[in-house]
Amino acid sequence: MFSESCPPLPWDKENYYSRDAIELYYEAGSGICLSKSKILRYLLEGTAAANVESIGEEEKDAADGSPYDSSAGSSKWVKVKEKRTLHDVLKEPNFIIPMIPVFYIVSKRSGFYKDFITGKWRPPA
Numbered sequence: 001m002f003s004e005s006c007p008p009l010p011w012d013k014e015n016y017y018s019r020d021a022i023e024l025y026y027e028a029g030s031g032i033c034l035s036k037s038k039i040l041r042y043l044l045e046g047t048a049a050a051n052v053e054s055i056g057e058e059e060k061d062a063a064d065g066s067p068y069d070s071s072a073g074s075s076k077w078v079k080v081k082e083k084r085t086l087h088d089v090l091k092e093p094n095f096i097i098p099m100i101p102v103f104y105i106v107s108k109r110s111g112f113y114k115d116f117i118t119g120k121w122r123p124p125a
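Residue numbers (the working numbering): 1 to 125.
Just so you know, not all the hints are guaranteed correct.
The following label-pair restraints were derived from C-beta to C-beta distances [said to hold, decoys possible]:
hint : residue 1 : residue 2 : range
1    : Glu45     : Ile105    : 26 to 32 Å
2    : Pro93     : Ala49     : 25 to 31 Å
3    : Ser37     : Val89     : 18 to 24 Å
4    : Ser5      : Ile105    : 15 to 21 Å
5    : Ser37     : Lys120    : 36 to 42 Å
6    : Thr118    : Asp12     : 29 to 35 Å
7    : Tyr42     : Lys79     : 25 to 31 Å
No farther apart than 25 Å at their CA atoms in a straight line, the calculated lysine to any residue pairs in the SDA-like style are these [stated by the list, open to error]:
hint : residue 1 : residue 2
8    : Lys81     : Tyr17
9    : Lys108    : Trp77
10   : Lys120    : Val80
11   : Lys81     : Lys38
12   : Lys81     : Glu23
13   : Lys38     : Glu27
Hints are computed from structural coordinates only; laboratory data are not their basis.
Just so you know, even glycine gets a beta-carbon here, dropped at the ideal spot from N, CA and C.
Using the sequences provided together with the hints, build the complete structure.
Here's what the structure looks like:
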């Protein structure tokens, strides 16, 4: 997000969002697994390929046999290591993409950080 030589951000008067103070997280196990065909439909929406009648219809739903069950209340925050690529994170089996990947950038220097880490904050439903 920031290079090592990046000057302080003009809107960050308290210097909470410097390279050494931020952590990146995603929520694992918080959504419904979509089948590959549904994911492809969302990705192709608005393109010429969106009109294709069959996009892997014979494929079983990804939720069948998935070890991640959103109803079990098993969601958790997963910290993303700085050197990981977006591709590596998105292919994690516990990164469930209902439509748009969501990441949370949290400053270790903010008052919000403790609530976030201890699980006292949840995203709006």
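Okay, the hints, checked on the actual structure:
1. Glu45 with Ile105: 26 to 32 Å: holds, 27 Å
2. Pro93 with Ala49: 25 to 31 Å: Given about 26 Å between the Cβ atoms, the range holds.
3. Ser37 with Val89: 18 to 24 Å: 23 Å Cβ-Cβ, so the 18 to 24 Å window holds.
4. Ser5 with Ile105: 15 to 21 Å: holds, 20 Å
5. Ser37 with Lys120: 36 to 42 Å: Between serine 37 and lysine 120, where Cβ atoms are some 38 Å apart, the hint holds.
6. Thr118 with Asp12: 29 to 35 Å: At roughly 24 Å between Cβ atoms, aspartate 12 and threonine 118 fall outside 29 to 35 Å, so the hint is violated.
7. Tyr42 with Lys79: 25 to 31 Å: Holds, at about 27 Å.
8. Lys81 with Tyr17: holds, 17 Å
9. Lys108 with Trp77: holds, 15 Å
10. Lys120 with Val80: Within the cut-off at roughly 20 Å; holds.
11. Lys81 with Lys38: violated, 29 Å
12. Lys81 with Glu23: holds, 8 Å
13. Lys38 with Glu27: Holds - the C-alpha atoms of glutamate 27 and lysine 38 are around 21 Å apart, at most 25 Å.
Hint compliance for this structure: hints 6, 11 are not met, and every other hint is.
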